[in-house]
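From first to last, the protein sequence lines are chains P and A. The first sequence: position 34 = 34 (the numbering used here), numbered continuously. The second sequence: position 229 = 229 (the numbering used here), numbered continuously.
Think of the hints as simulated: they come from the structure by calculation, not from any bench. Just so you know, not all the hints are guaranteed correct.
Stretch-level coverage of chain A by chain P, calculated; a stretch enters the list once three of its residues show a Cβ under 8 Å from a Cβ in chain P [as the list claims (entries may be wrong)]: (1) 179 to 185; (2) 323 to 337; (3) 340 to 347.
These numbers come from a predicted model, not from an experiment. Each residue gets a CB set at the ideal place from its N, CA and C atoms; glycine is no exception.
2 protein chains.
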Amino acid sequence: MAQQHLDPTDPKGEALGRYLRAQATEFLRALRLHRETGGATANGAEDPADAARALRRSVRRISASLHTFRPLLEPEWSESLQPELAWLSGTLAMEHAYAARQERLLLALHRLSGATVFPAQAAAAASSPPAAVVGGRSAGAEPVPLKTAQAAAGPPAPAPTTDRGNLTVGAAKAGALLERQLTLARTRAHSTALQALGSSRFHAVADKIAVLASEVPLTPTTPTTPLHPLAAAAEDRLTDAITALPLVTAGSPYNAEALIHGLSPDPSPHPQDAPWHQVRLLLRLHRYAREALHGTGGPTDLRLLTAGQALDRHRDASEAAAAAASAARTPRIAPATAYALGVLHADQRHEVEAARFAFQQCWQKQAVSTP
Amino acid sequence: MAQQHLDPTDPKGEALGRYLRAQATEFLRALRLHRETGGATANGAEDPADAARALRRSVRRISASLHTFRPLLEPEWSESLQPELAWLSGTLAMEHAYAARQERLLLALHRLSGATVFPAQAAAAASSPPAAVVGGRSAGAEPVPLKTAQAAAGPPAPAPTTDRGNLTVGAAKAGALLERQLTLARTRAHSTALQALGSSRFHAVADKIAVLASEVPLTPTTPTTPLHPLAAAAEDRLTDAITALPLVTAGSPYNAEALIHGLSPDPSPHPQDAPWHQVRLLLRLHRYAREALHGTGGPTDLRLLTAGQALDRHRDASEAAAAAASAARTPRIAPATAYALGVLHADQRHEVEAARFAFQQCWQKQAVSTP
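Turn these sequences into a full structure, and let the hints steer you where they fit.
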């Protein structure tokens, strides 16, 4: 907030108005698309997952701008809209998160089980077919892309008869259990999202965003106020949070930090992950603040993108590890299933550690901007 | 074998004779010490583990020299002694290996469970006290050094009553199961070693080594034959084997290679570990060949030492991971126990990967010799 010496060419509040109008327009376009596809894939129509992603994308950006540039916006308006956007963003994100988690865990089990043995057995061991949920990550009508890979993986292996074979059966059963649990969670998240999109609460938010598309409620002095100090403050919050991370440990490969307390009484959520999740959010706020200043066609900071991807991977692996631990607490599972879930949990915590290392490596490098 | 251009100051076969006589003398000293302590610790007497270690140490060196410098030794004599030394070395190594594996796995469980909760619970959950086995790694009469640390770890945690607590119970039960299985294996290995040391087969080997202490059966031309070409050939075999290792992958942190097929039908032994185990043996042969050339007071190659330690860690973690997987196949264990063993298995495979990374890092460096 100290940099008040400003270049007259620096972006002013007008730029924030333009950015918010563009994001609101994008939201309305995505909402129209979502209603046209009816939340389900019609033949030849656009993928409802694309519409859902575009909705989430614009809601996140509007919400972030309200947060970062709060002093420039009409207080009553932004304070009433902010929690509604958080609710909407959270509700819309769940289905995608469960779908991605399922895919991550099944791919990891696949990798851990050898390429030809597990998939066929998993398909045979899965006691329930996946529910017909829509709006997942993949294109097309089939919501479980892994199935295709599984079907193509060759003839089924002979049923294991030795003691050693139990572990493979364990991997197959663990896969079936996770698929069942996460498909159920995804189906529920889908219903919740559909209900939310039909609610009067949502209609009130959508109306406000429709107004935003033509008229951004700026304070009287905003159009000529420089944006840079507020964007710089967002960057400072990010930098401070990164400074507080254990980057020396993270930069030392195989520090075995992420699996510490992996069997402690409260493995989920992992408290050591929280500062990294926080940096992920602050990095996103910083990135969107840059967008507001320079427009979405502005320069891309490759370091920011790569760091963000590492932190996304950290979050995904952290949540996948927790899901594996949670599945292991299902009553009456076989020991072989529990063993496979233990290996899977540790594998994903290993991924958490790898993501921290990747973040540390990329953050050490000088920022490289490309036009 | 190409380097026949030799420096007249290079060591000749006489040096090999000196080295073998010294190792044979060391063997006889260790054997006398072992008989005095009777394989058990008397008050104030030397530790029988030290005697056992000294026996293994000299047997390994004699055996390695017979292998590397075979053309310089009387063929009939060395060919009859070699398999006997391999038998003796293997028999003597087992008890120590089980003790070290037990300590490694219990320490890992301890680390994975949080410092204050697991040990007290593990002690309570252990259904059988460890057998009074002697000759383990630690000094003193108590063969399970971890116990002391466990007793000092504070008051017992309250018994867990929540679902999440099951995992902690799982870690405690896994620890108790491993302790039982490995203590049994260790007791058996101890008995086998004692039987071996009392057998006529052993007495025949000991007699041959007693002769070796005064008279090394060299071929007639050996005393003036240079040792260097045979030592260089041993180094070439090491270098070739290292070149064949997947060092590029190993040098890329978090390559997740070691856990691939972690749930495949045949997780133990891991075929991908074999070339590393082979390099470990070839590195030892190279190190002992250097000792024969330069004497045990010769220059220490720190890189060789560090590389050897990394490969020891690789072997230990590989075998510990296999022991955890094997314990998980015990019939009628609780799912929480199996889950903890799965986490432990993956943790040790992670250690395998870390050891490969450490080896790659140290091998990249220039050889540094200190006097």
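Check: Within the region 323 to 337 of chain A, is the number of residues with a Cβ closer than 8 Å to a Cβ of chain P three or more?
Finding: The restraint on the region 323 to 337 of chain A holds, since 8 of its residues have a Cβ under 8 Å from chain P and three suffice.
Notebook entry, point to check: Counting residues of the region 179 to 185 of chain A that have a beta-carbon nearer than 8 Å to any beta-carbon of chain P, does the count reach 3?
Noted result: Result for this restraint: violated, n = 0.
Margin query: Between the region 340 to 347 of chain A and chain P, are there enough contacts, at least three residues with CB-CB distance under 8 Å, for the coverage claim to hold?
Written below: Coverage by chain P holds for the region 340 to 347 of chain A (8 residues, Cβ < 8 Å).
Consistency note: the structure conflicts with earlier hint 1 alone.
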